[in-house]
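Let the sequences and hints guide you as you build the complete structure.
Those protein sequence lines, which keep their order, are chains W and U.
Residues in the first sequence are numbered from 1 upward in steps of one, following the numbering used here.
Residues in the second sequence are numbered from 1 upward in steps of one, following the numbering used here.
In short, the hints are calculated from the structure, not lab data.
Watch out, some of these pointers could steer you wrong.
Stated by the list, open to error - Computed, partial: chain U to chain W, Cβ under 7 Å:
id, residue
1, ARG228
2, ASN230
3, PHE233
4, VAL237
5, ARG269
6, THR273
Unchecked claim - Derived DMTMM-like pairs (lysine to aspartate or glutamate); straight-line CA-CA distance at most 20 Å:
id, chain 1, residue 1, chain 2, residue 2
7, W, LYS7, U, GLU47
8, W, LYS7, W, ASP33
9, W, LYS7, U, ASP276
10, U, LYS318, U, ASP276
11, U, LYS314, U, GLU184
12, U, LYS318, U, GLU184
Model, not experiment: these values are computed from the prediction.
Quick reminder that beta carbons are idealized off the backbone N, C-alpha and C, glycines included.
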Amino acid sequence: MTFEQVKEILTARCGLPSGPVTPDAPLASAGVDSMALVVLSLHLEDRFGVDISEDDLAAARTVDDLAALIGRHAECRG
Amino acid sequence: MTDTPGATDRGRTAAVLTGLGAWLPPRRVPNSELCTRIDSSDQWIRERIGIAERRIAEPPVATGDMAVEAAARALASAGVCGADALVLATNTPDRPCPATAPWVAHRLGLPAVAAFDVMAGCSGFLYACTVAAGLIAAGTAQRVLVVGAETMTSLVDPADRATAPIFGDGAGAAVLEAGPPHAEGALGPVVWGSDGSLSDAIAVPAGGARERHRRHLAAPEEHFVQMRGNEVFRHAVRRMSAAARQAAAAAGWGIGDVDRLIAHQANQRITATVADTLGIPAAHAPSNIAQVGNTAAASVPLLLAHAADQGELKPGHKVLLVAFGSGLAWAATTLVWPAGLSARLP
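Now the structure itself:
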């Protein structure tokens with residue numbers, strides 16, 4: 001999954017302002033809190049069939065890490 | 001019967017909404033005041049939960065008093081002075097025993113009327129409406145007063161930053177009367193359910209029969225509500241979205257037909273995510289959580305009253321109602337907003 005795809009979900013689905021969502025931003029600085037991770041997790045399950053919990057997502061350090069983490073889970077599934 | 005799992009068909013006599021009342025205690029607590037006791041900020045609470053202030057009932061005012069105020073207004077809204085039964089949805093009865101509803105009926109001047117409490121978390125009001133609709137369908141009652149009232153501050157640890165900002169006190173009430181199922185205001189098919197495997201997700205650990213042997217050992221915080229926030233968020237979105245979708249389908253509506261979504265005001269981000277998941281525009285999901293917080297079983301009737309009062313619910317609107325809370329328990333139903341219904345507020 002690309003950074004742009006994750007950013008699209010975080011802003012359009014999780015309601016985060018787009019400005020702080022940059023590739024290198026740590027999750028907290030990007031506005032990604034635990035509720036945003038739950039919404040992200042639900043969305044990944046619904047739209048991409050990727051089952052990854054908010055706790056697992058929280059292990060990512062930056063938004064780029066988040067995209068890579070999701071990508072790895074998606075590949076495992078594929 | 002419909003094919004929808006959990007859906008109930010109440011037969012040929014429906015419960016029709018004819019009156020709506022609300023009452024809020026006058027004392028407002030803005031986030032700034034709350035944050036003198038907890039490590040939080042006005043901005044954090046607004047962004048995370050969507051709440052700016054909540055109302056709190058100051059002792060000796062309790063659930064029963066607020067229920068009386070809301071119920072009296074609902075009766076006045078319906079233009080009637082009595083009912084055959086009173087069902088009070090609450091998680092915060094005035095006392096562990098007896099039920100609060102008989103006292104509310106007494107205070108309303110409804111002597112000897114059947115009156116009982118329903119505890120179903122934040123879904124309590126929709127559960128109570130479902131019970132009332134069953135009483136009406138069975139011919140046991142012609143008119144039922146359904147009340148949702150809460151003194152949630154009695155269950156909230158004022159020093160707990162996870163729960164103290166969320167909850168508020170208040171009451172809402174509805175009059176349901178026997179009528180034809182196609183009438184405006186008639187409650188549609190109900191989709192409801194529960195999952196007791198997650199009873200610990202939102203719970204007050206102490207004070208009940210389960211912990212009676214260590215009553216004197218319970219820590220103070222065990223008498224307050226404890227909540228696993230992320231888990232509740234996930235299940236709230238899943239259960240409310242599914243129940244709402246099924247209730248709309250059982251009514252013969254597509255989601256695109258829904259004019260307004262009335263969702264339990266748990267957290268603005270939950271409401272937004274449920275609306276987004278369903279494909280309902282955010283502007284079609286009225287909200288009052290910023291002003292009143294999460295009032296648990298009082299939330300749905302309070303939102304109905306406020307949305308009706310502000311003209312957000314118009315005659316003929318197809319309204320989808322949904323709630324979710326401790327239990328876990330959830331419920332959804334539908335109604336077409338009736339002409340001539342004027343909510344009574346304080």
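Here is what the structure says about each hint:
Checking U:ARG228 against chain W: minimum C-beta separation of about 11 Å lies over 7 Å; hint violated. Interface hint at U:ASN230: satisfied, since its Cβ lies 5 Å from the closest Cβ of chain W, which is below the 7 Å cut-off. Evaluation of the U:PHE233 hint against chain W yields a held restraint, the C-beta minimum of about 5 Å falling below 7 Å. Against a cut-off of 7 Å between C-beta atoms, the interface hint on U:VAL237 holds, since the closest Cβ of chain W lies about 6 Å away.
Hint on U:ARG269 holds. Least Cβ distance to chain W is approximately 5 Å, under the 7 Å limit. Checking U:THR273 against chain W: minimum C-beta separation of about 5 Å stays under 7 Å; hint holds. Our distance criterion of 20 Å between C-alpha atoms is met by W:LYS7 and U:GLU47, whose separation comes to about 19 Å. For the proposed pair W:LYS7 and W:ASP33, the alpha carbon gap of about 14 Å is at most 20 Å, so the pair holds.
Annotation: proposed proximity of W:LYS7 to U:ASP276 holds, straight-line Cα distance about 17 Å (limit 20 Å). Proximity of U:LYS318 to U:ASP276 is assessed by CA-CA distance (about 18 Å); at most 20 Å being required, the pair is judged to hold. Proposed proximity of U:LYS314 and U:GLU184 is supported: the alpha carbons are some 12 Å apart, at most 20 Å. With a C-alpha separation of about 10 Å, the suggested pairing of U:LYS318 with U:GLU184 holds against the 20 Å cut-off.
In this structure, the one hint that does not hold is number 1.
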